[in-house]
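Novice: Since the structure of chain A is provided, determine the placement of chain B on it from the hints.
For the protein sequence lines, the chains are A and B, in the order given.
Okay, so the first sequence: first residue is 1 according to our numbering, each after it adds one.
Okay, so the second sequence: first residue is 1001 according to our numbering, each after it adds one.
Hints were generated in silico from the structure; no laboratory data involved.
Some clues are possibly wrong.
Under the rule of at most 27 Å between Cα atoms (straight-line distance), these lysine-lysine pairs were calculated in the DSSO-like manner [said to hold, decoys possible]:
| hint | chain 1 | residue 1 | chain 2 | residue 2 |
| --- | --- | --- | --- | --- |
| 1 | B | K1285 | B | K1272 |
| 2 | A | K285 | A | K100 |
| 3 | B | K1131 | A | K187 |
| 4 | A | K285 | B | K1285 |
| 5 | B | K1285 | A | K187 |
| 6 | A | K285 | A | K272 |
| 7 | A | K285 | B | K1187 |
| 8 | B | K1100 | B | K1131 |
There are 2 protein chains.
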Amino acid sequence: MALICDYADTREDFAPGALHTLAATPATVHWGYFDATLAPALRVRSGDLIQAEAITHHAGDAPDLMMDAAVRRIFSEIPEADRNPGVHIMTGPIYVEGAKPGDILEVRYLSMRPRCLYGSNLAANWGYLYKEFNERERVTIYRLDAGANTASALYAYDFPGKYLVPGTITHCPECDREAALAGVRVKARPHLGTAGVAPDAVGRVSTIPPGLHGGNIDNWRIGAGATMYYPVAVDGGLFSIGDPHVSQGDGEISGTAIEASLDVLFQIVLRKDFSFPSPLLETPKNWIVHGFHEDLNQAMRNASLDMLTLLTEHRALSRNDAYSLMSVAADFGVTQVVDGRQGVHVRMPRDIFPAGSRAPG
Amino acid sequence: MALICDYADTREDFAPGALHTLAATPATVHWGYFDATLAPALRVRSGDLIQAEAITHHAGDAPDLMMDAAVRRIFSEIPEADRNPGVHIMTGPIYVEGAKPGDILEVRYLSMRPRCLYGSNLAANWGYLYKEFNERERVTIYRLDAGANTASALYAYDFPGKYLVPGTITHCPECDREAALAGVRVKARPHLGTAGVAPDAVGRVSTIPPGLHGGNIDNWRIGAGATMYYPVAVDGGLFSIGDPHVSQGDGEISGTAIEASLDVLFQIVLRKDFSFPSPLLETPKNWIVHGFHEDLNQAMRNASLDMLTLLTEHRALSRNDAYSLMSVAADFGVTQVVDGRQGVHVRMPRDIFPAGSRAPG
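Only chain A is shown next, with the shape it has when bound in the complex (with noise of 0.2 Å):
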C-alpha cells in the first residue's frame, strides 16, 4: 500500500481536464437521500472541475432574503414527501468514469462562495441543549460582510410549533422578529456539512449520519483549503454535495450551523493506490480522522484508533511511536453532539513530519 502522502510527485497528473458546471435544479438534487441507483447529473473524468451549488435546505427559514427563483423551485416542485429519510438537499449525483469500489475519491476543495448574503442557525428540536430551553425552537438569521468574512445577527424568532419538515418554510412576516447579539461579529467559515458517494446499500440511505461513505461530517474545517478522501462503494462513486453551512463551532450544540447556500468549486482525483477505515480530511495544516458513534466515549475511542491506523499504515510509524505522538501532539475536538449521533475528530499536525514525506497543499 502506498503512504497517502507520498504522491507529490504524481499530482501533475491531476492538473484540471475540464471545466463542468453543475446547477441545483429538481433534476439534479435529491433530497434527504444517498441512492446508489439515482442516474448521474453529470459524469467527470479523473482531474476534471466542477462548479457546482449547493443549497441550504433552512433557505425558508427566511425566504425573502435566501431563496431567490431556482431555490423557490427546487422547494416548490419536489413534494414534502420525497424528502426523507434525511433532510438535506444534495447536488448530484456526480459519477467519476472508472471509480471502482475500493477506490477513493480525492475531492479537493478550492471555493466556496456564498450564494446570497444570508443564512440561518435555528436551535432545533433534535439540538443539544434542547430540554434546557423548556423544547422551544428558534430561529436567528445571519448576514454576511463578504469584506469582513464575518457573520452577524440580523434578527431572531421563535419557531412556530415543531420543525419536523425538512425545507418548511416559515412566514416570518407573521412572526416577532427580535434584535440579537447585537455588535457581535462571528467569523465565518464557509464549509460543507454534508458531502459523500453513494453507499452499497439496497434503497435509500439517510444524509443524516455520517459514516465511511461521508455524509453528514459537520466538521467546518471542510472548506475551501480542504481535500477530503472518500472511499468508493458503487461503480461511478456518485458523489453528492449539500448542507453548505457559512460557520459553526466544533459540536454544532444547537443542531445547525449559519446554514447558506454556497457555490462550491472542487476537483475530484480518482485515486487506486489507498485505502482508509474512516473519512479522512487534509487541511493545509493537519490530517484530520474522525470517529462516530452514539455514545461520545465511544466515538472518541474510533477517532483514536483510526489515527492510531493513519500514522502506523500511511506514515510507517511503529505503534509505539504513534501512541506517544498522537499523546504529545494530536488534539482531538467534539465534531458533533445529538442524541444518537456523536462526532469526535483529531487533529495531527502535518508540518511535524520530515518535509520531503509531507503532502502538498
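Specialist: Structure of chain B alone, referenced to chain A:
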C-alpha cells in the same frame, strides 16, 4: 455582579508590586495533594510577581537528563509514602494577603521556560489505549530545541514492570534504548498540567481530579500569555503549581504529556468582583470553559452549560443569543480522557465581541 471583562480601566491597579522567587525544595513542595492546613511557602500581595520552579514527577524516567541536584534532593528527601493520594509535585502553597473564600485568584502566566532540555512521555497504565497496547508501558524521552520551539524523540524504552510509584527513578542504562520517531518534530507548548488553590476540605485532596479549584486540568493552553481564574476556598487561597509539560495534545491519550520541569513567572491578582462555577481560562484568542465528569457525555454537557453561564451572566447575552452563538462559533475539544476522569473544554473567540467590551490581553 461585574462583567469579567470590563475591567480594562482598572488593570493598571495591578501593576506588579514586588517580585518573589520560589525555588522548589523539599520544604516548598507537596507531593500528590492540596491541603488547606499546609503552612504557606510564600506570602504575596495582590499584583505581585512570582518566579517559581515547577518540577516534573517524571524526572526519574531519564534521571541523567532530567534531574539536577535540586531535583534529586526532592526525590530523595520526600519518601514514597508521603507522595499521595495524587502524583504531582506541587510548588507552594502561596498565601495571597486578603484572599477570602468567594474571591477569585486571577493568575496571569507570563513566562514558562524549560529547566532542562529533556522531557518524558509515558504510555501509562492509566492511558486511554493501555489495553490495546497489551497492558505494556513505554517511555519516550524527548529533547527540546529551544531555538526552534520544537521537541523531538531521543530514545524510547519499555518500562520494566508497572509504573505505580510517583517519582519512580528508572535506571535506564539497564534498559534497552530504542530509536523513536525519526525526523518528527513536535511543536513545544509549555504549560502547567496542574495548578490551583487549596479546596476547603479536611486532609489531603488528590492533585489528580480537576475541579472548581483547578487541579489536573491538562489544557495545553494554560501557558505563557494565558490567565486562569481560580475561586478561593480558604483564607489566602493557598495556590500551588506543578505537573509542568512541554507539550501535549487535547486528549493526552497515552496518559501523560512531554513531562518536563519549567521555570514559571506569573502574577497573582486578587479579584472580588465576580464568580464562576468552573475553572475559567482566558487566552489571547479565546475564553475557555471546562467541564469534567467520569462520563465524557456528561463532561461535554457540563462544559456547554457553563459556557452558557459565561455568556449570559458575564457577557450579558440572552440565553437564546448565547445558545445560537455557541452553535455557530464555539469549539468543543476533548482535553483529557482517562478511565473515570474525562475533560471537555469549549473555546469562545474573544474577538467576536465589540471591541469596547474586550478584555485586555
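Novice: For every hint, state whether the structure bears it out.
Specialist: Right, here's what the structure says about each hint:
no. : hint                 : verdict
1   : B/K1285 with B/K1272 : holds (25 Å)
2   : A/K285 with A/K100   : violated (30 Å)
3   : B/K1131 with A/K187  : violated (41 Å)
4   : A/K285 with B/K1285  : holds (18 Å)
5   : B/K1285 with A/K187  : holds (13 Å)
6   : A/K285 with A/K272   : holds (25 Å)
7   : A/K285 with B/K1187  : holds (13 Å)
8   : B/K1100 with B/K1131 : violated (45 Å)
Checked against the numbered hints listed earlier, the structure breaks hints 2, 3, 8; every other hint is satisfied.
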